[in-house]
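In numbering that gives the first Met the number 0, the protein residues as written are 0 to 416.
No wet-lab data here; the hints were simulated from the structure. Among the clues, some could well be false.
Claimed, not checked - Here are the computed lysine-lysine pairs in the DSS-like style, where the Cα-Cα straight-line distance is at most 30 Å:
1) Lys20 with Lys99
2) Lys39 with Lys20
3) Lys99 with Lys39
Please read all numbers here as calculations on a predicted model, not as lab measurements.
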Amino acid sequence: MNRFLDSLQPYPFERLRSLLKGVEPAAHLAPIAMSIGEPKHAAPQRVRDALVAALDGLSSYPPTAGGAPLREAIAAWLQRRYALPRIDPATQVLPVNGSKEALFSIAQLVIDARPGAPRPGVVLPDPCYQVYEGAALLAGAEAVYLEQSEANGFALDWDAVPEATWARVQLVYVCSPGNPTGTVVTRAQWARLFELSARHGFVIASDECYSEIYTDEATPPEGALAAAHAVGLHGFERLLVFSSLSKRSSVPGLRSGFVAGDAALIARYLLLRSYNGGAMSATVQAASLAAWTDEAHVVENRRLYRAKFDAVLPRLDGVLRVYRPEGGFFLWAGVPGGDDAAFARDLHAQYNVLVLPGSFLARGASGRNPGAGFVRLALVDGLAACVEAAERIQAFAAPSAAAPSPSLQASRPTHTR
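Between the sequences and the hints, there should be enough to build the whole structure, so can you do that?
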């Protein structure tokens, strides 16, 4: 048995289930879940049609590297989205079955833990997506937590990591826009990280699965590949970007994403995946190609999220500490009283709204949990459901505020798409 399994903490949703054990929510209110970042918008019709038309692909084993048409479509999308010169689809792009397993397995490629040598370090944001931590620990590395606090605007301050620690770091996980904070890494922050990578030789794994959900159509978030190219890293040395269709195209069940960047790393990663990675079926590849070659459904997706933020933020402002995130579909909200677990439990009990305590997403290696006092609200349901949830939260957090109207206490509304 892998001895490092005992170092894993319970997954956030396991902790949430334990927190709510024995709680009976108000039966007269339909449940609204804002705890999981699972998109509820309808899958694009062109993706559905492409999937059905390619069902014959289920009858053959696909190549681990994926087919050329999909790799070419992803490369072309990267060029359009980030104004990049040619991305080589044969050497700089690798389709994967969702970004989660790829973000986990990249640690198996990069981490080289040797007996008698200093324990490798993996830097990850705190709070963060728990897969980063699990990947680091199961590879035998030490997780180095970089606190993102309200005081520093949830920024990633690379200089907060001691130089002696950087000397043994082999991998850095970045999420931009961030989960759960919605913060976007700036060009200056990328440049500083690239300098440190060049000095110490560590690999950067940039998780960009929320990159296509943002407020202003004229100013999309800059990705790591674009930042690297801008500062002269034209070969994307020591950099891999991970992306997914789950959020961009509202198809989490498709399990389709890609890894792109440093060709030398991609080659080694392909070797690893030929042993432990499931190749993407031709059927899913056809549906994925349809998604990556169309932007109209993505623009509409962003419009739906904007409408939800526009409706929810005014209702929560004043009862929670809320702000419009730079990207993604989460609200990282400060709660009154500062006890995020109690807030989540009592909100569920009294108003049947499920949110995720922020302390479950953070570790607080410095002695203070940076997620404490926050809850994560996923605006993934339809507009009406998100508005209803916001009004219930308003009534719960500010008892003097008006309670939800009787019409909002009826059966759960249908999705907007």
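**Message:** Flag every earlier hint the structure violates by its number, smallest first.
**Reply:** none
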